[in-house]
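Undergrad: Guided by the hints, dock chain Z onto chain L, whose structure is given.
Number of protein chains: 2
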Amino acid sequence: MYERENCSAARALELVGERWSLLIIRNAVFSGMKRFSEFERRLGIAPNILAKRLDGFVSDGLMELRPAEDTAGAHDYVLTHKGRELGLVIMALTEWGDRWAAPKGPPVYFEHDTCGGRVHVTAGCEECGQAPAVAEVGVVPGPGANAEQRKRRRT
Amino acid sequence: MYERENCSAARALELVGERWSLLIIRNAVFSGMKRFSEFERRLGIAPNILAKRLDGFVSDGLMELRPAEDTAGAHDYVLTHKGRELGLVIMALTEWGDRWAAPKGPPVYFEHDTCGGRVHVTAGCEECGQAPAVAEVGVVPGPGANAEQRKRRRT
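So the protein lines, in turn, are chains L and Z.
Just so you know, we're using our numbering here: the first sequence kicks off at 79 and counts up by one.
Just so you know, we're using our numbering here: the second sequence kicks off at 79 and counts up by one.
Hints were generated in silico from the structure; no laboratory data involved.
There is no bait here: all hints are sound.
Here are the computed lysine to aspartate or glutamate pairs in the DMTMM-like style, where the Cα-Cα straight-line distance is at most 25 Å:
| hint | chain 1 | residue 1 | chain 2 | residue 2 |
| --- | --- | --- | --- | --- |
| 1 | L | Lys-130 | Z | Glu-96 |
| 2 | Z | Lys-130 | L | Glu-96 |
| 3 | Z | Lys-182 | L | Glu-163 |
| 4 | L | Lys-182 | Z | Glu-204 |
| 5 | Z | Lys-182 | L | Glu-92 |
| 6 | Z | Lys-229 | L | Asp-191 |
| 7 | Z | Lys-160 | L | Glu-96 |
| 8 | Z | Lys-112 | L | Glu-81 |
| 9 | L | Lys-112 | Z | Glu-83 |
| 10 | Z | Lys-182 | L | Glu-81 |
| 11 | Z | Lys-112 | L | Glu-83 |
| 12 | L | Lys-160 | Z | Glu-96 |
This is chain L alone, in the form it adopts within the complex:
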């Protein structure tokens, strides 16, 4: 879909940029959901769309199909490490929505399991240790840059 893009955000969106994708992953990461019927019921999503998304997640290595432990013949969609790490993207998206699209206040907060503290997503600079605002962050070519991207280097 974004063939012209040599961009990791575009590649991520190829995997999770379709309707419902990130909300399915959200329920898997933060509600521990694994079963087709549970995703269907809680999300109110059409079963053909849900099947397409879950099968895509399995093909793309975001989930693994495993026999269910509690029901013979049933199977679960279990997040891989790759899939689970999308939790950070979902947290960033949620906090943006909390700030800009939650008139009644945040529906949920993120909490650190081990200490009960509130968890937030921030940018952090590994050099000075500060948390820069987006306006203070630029992009520079990395090892995977193409010729055009190298040329565009800001000076």
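TA: Just chain Z, lined up with the frame of chain L:
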């Protein structure tokens, strides 16, 4: 689209979950793009889709339409604070893609303008100061939770 969801991630996706949305915002935030023709050329996106997305961003307060300073009659799509803050979501998505979908290495790195240090997106706990992995983060009802969400509180 996600009417049943009382969720800030779902509300954010209502605004930027359509195809191309986050890549248009990416170019605005990190390449300073403002002009219709420039988005069209760089993204290779169909002009009718691009117009629909940009108009939606203006309606939703992510961008403002302003007369162009350099060309009479032209106008620019300028990010608002609300729109610019999506940069953090895009950074999180990019870093996920760098880790899981960039066989040649990251196409770009994020850099702190003021000190030149590498910038990363992380979760941080405001209580203990640690950076918890996604698996160590749970959700608890916030002030905007509905009755069902309060009931689901993990114990």
